[in-house]
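There are 2 protein chains.
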Amino acid sequence: MKRIVESIPNFSEGRDPDVLEALRRAFRSVEGVALADDSADPDHHRSVYTILGEPEAVLEALCKAVRVGVERIDLNHHQGSHPRIGAVDVIPFVPLQGVGLEECVALAHRLGEWMGGELQVPVYYYEEAALVPERRNLADVRRGGFEAIRDNMLADVRQPDAGPGRAHPSAGAACIGARGPLIAFNINLTTNNPEIARAIATRVREKGGGLKGLKAIGVDLKAKGSAQVSMNITLPRETSLYRVFELVRLEAARYGVDVAESELIGAVSQEFLLETVRYYLRCHDLKESQVLENWF
Amino acid sequence: MKRIVESIPNFSEGRDPDVLEALRRAFRSVEGVALADDSADPDHHRSVYTILGEPEAVLEALCKAVRVGVERIDLNHHQGSHPRIGAVDVIPFVPLQGVGLEECVALAHRLGEWMGGELQVPVYYYEEAALVPERRNLADVRRGGFEAIRDNMLADVRQPDAGPGRAHPSAGAACIGARGPLIAFNINLTTNNPEIARAIATRVREKGGGLKGLKAIGVDLKAKGSAQVSMNITLPRETSLYRVFELVRLEAARYGVDVAESELIGAVSQEFLLETVRYYLRCHDLKESQVLENWF
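Residue numbers (this note's numbering), protein chains in the order written: chain A, 1 to 296; chain B, 297 to 592.
The shape of chain A in the complex, shown without the other chains:
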């Protein structure tokens, strides 16, 4: 059985087709690495890549793409609706098969050492890769965004875990971590009022009394003329996709608003899609072994 690690690097570039293509090329240039998905959003001004492969191959592909990102993305002229602190904003490692979380922590630290030394970009380790408890939560690390990093990095609380003690002039800083699988799930509403998206996000997320393991923010998708509830389902086995969808719909109804469409970002385990089918078709006995493709 092959050992497989997943990484879902997020870059603060969602518009320039040349940069997006250069990043895809970098990921694809390493033998044994699959680019399972990539998506770019001009409003978020962000692109997300899902790569899979053996640990060393994934690390090599990340180094290549990170170099492209640091060289070509300048955060000083960046305006996007998604929180970010760097050109190469977030890189999580996820153990998928034959690999443990500790090994993903080690990969995160190796990538951070390289990025801090070779590219002179300060790095924060988050979630399982965090060296201090205050940096486990990504939202805390990113608070204040690029501007806080650039203007106020000398504060002790902002001293990085690897790399130089000040922000890279154009690329800011980076968050590198290790974690279990999550589902990135965005729901666009039939309104363009971001306040409604924010109010819904506040109610459906765990922090606001919503679903366990659910993180949510409201985002203004100006280019699309729509407001979005952008979510991470961090405990997808307990907090099912359909339950998140239906709860957002239910909260939206309070404003006479409905779900326009949704998007799944990156790769999703088949089991979570089957659970969605079981719910909507009321087909409780559907088994993974009934999926034809699982047999060849």
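It is worth saying that the hints were derived from the structure and are not from the lab.
All residues carry an ideal CB built from backbone N, CA and C; glycine is no exception.
Any given hint could be a false lead.
To be verified - One side of the interface only, derived from the structure: several residues of chain A facing chain B at Cβ under 10 Å:
1) Cys63
2) Thr239
3) Leu241
4) Ala267
5) Thr276
6) Val277
7) Leu292
Stated by the list, open to error - Straight-line C-alpha distance at most 30 Å; calculated DSS-like pairs for lysine-lysine:
8) A:Lys287 - B:Lys298
9) A:Lys207 - B:Lys518
10) A:Lys287 - B:Lys520
11) A:Lys2 - B:Lys508
12) B:Lys298 - B:Lys360
13) B:Lys583 - B:Lys520
14) A:Lys64 - B:Lys583
15) A:Lys224 - A:Lys2
16) A:Lys222 - B:Lys583
17) B:Lys298 - A:Lys222
18) A:Lys224 - B:Lys583
19) A:Lys2 - B:Lys583
20) B:Lys360 - A:Lys212
21) A:Lys212 - B:Lys520
22) A:Lys2 - B:Lys298
Unchecked claim - Label-pair restraints from in silico Cβ distances:
23) B:Thr486 - A:Arg143: 49 to 57 Å
24) A:Gly213 - B:Arg499: 42 to 50 Å
25) A:Pro17 - B:Gln393: 34 to 42 Å
Given the coordinates of chain A, assemble chain B onto it according to the supplied hints.
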């Protein structure tokens, strides 16, 4: 790439656990054959097996199981709510990978020759394996059931395509065919009135002005205290699972009845499940490549 054929043999036994276990054992006894799914229903008095493998291996496994079925199932004492003409009632071959429909027709004919000669069970070839157009449609071949076969087989119209010119005394006759993939989908209603299930079946199926390629009958599930709409979706690429589900629900509403639960019988292609997820989550861009397991 492996050459893979699917077969979904239907036996007229859904109650006796010893016979069901003997059939499962027969399928599993052949190297290279996967028993992807099996289900038995006491009301239908019928069990359905889904096997996958290379053509010769699948044929060998079928011969073994067919012998068990002919020896151990006696239709003279059989009462079930599902139409049937034989102990080994229906055996379709379906091409899945690296195999054409013509090869499945040849497999159907080889199995029929063997069953007619070795086991002395008359065989009708249906759908793509039919030798005459009047036998393409399985419902036509099975009309009148076991009783018509047993009591009136000498009529020209009932002369079999292989095997002896009269019904096997306990096992009746068999239908063997070749066809493209279909989805067997049953919906149980919140009523035990079979007339309602029949009325819904009549309206949702193609013949009654319903969905293209949909076949449906109403079945009385006495053991379950429920009425069922039992369906085959023969064009699952055009006629999606969710549309069938929602149309049955809509027709049921006319009687104040709802869907209690549904069941998918046998193996289903992942694409059809993804289309269901796309519909219910309004997640139109979900791609097959986003299913994690498709990459290892």
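Here is how each hint holds up against the structure:
no. : hint                            : verdict
1   : Cys63                           : violated, 21 Å
2   : Thr239                          : violated, 15 Å
3   : Leu241                          : holds, 7 Å
4   : Ala267                          : holds, 4 Å
5   : Thr276                          : holds, 5 Å
6   : Val277                          : holds, 5 Å
7   : Leu292                          : holds, 4 Å
8   : A:Lys287 - B:Lys298             : holds, 24 Å
9   : A:Lys207 - B:Lys518             : violated, 48 Å
10  : A:Lys287 - B:Lys520             : holds, 21 Å
11  : A:Lys2 - B:Lys508               : violated, 44 Å
12  : B:Lys298 - B:Lys360             : holds, 23 Å
13  : B:Lys583 - B:Lys520             : violated, 38 Å
14  : A:Lys64 - B:Lys583              : holds, 26 Å
15  : A:Lys224 - A:Lys2               : violated, 41 Å
16  : A:Lys222 - B:Lys583             : holds, 25 Å
17  : B:Lys298 - A:Lys222             : violated, 49 Å
18  : A:Lys224 - B:Lys583             : holds, 21 Å
19  : A:Lys2 - B:Lys583               : holds, 24 Å
20  : B:Lys360 - A:Lys212             : violated, 51 Å
21  : A:Lys212 - B:Lys520             : violated, 36 Å
22  : A:Lys2 - B:Lys298               : holds, 20 Å
23  : B:Thr486 - A:Arg143: 49 to 57 Å : holds, 51 Å
24  : A:Gly213 - B:Arg499: 42 to 50 Å : holds, 43 Å
25  : A:Pro17 - B:Gln393: 34 to 42 Å  : holds, 37 Å
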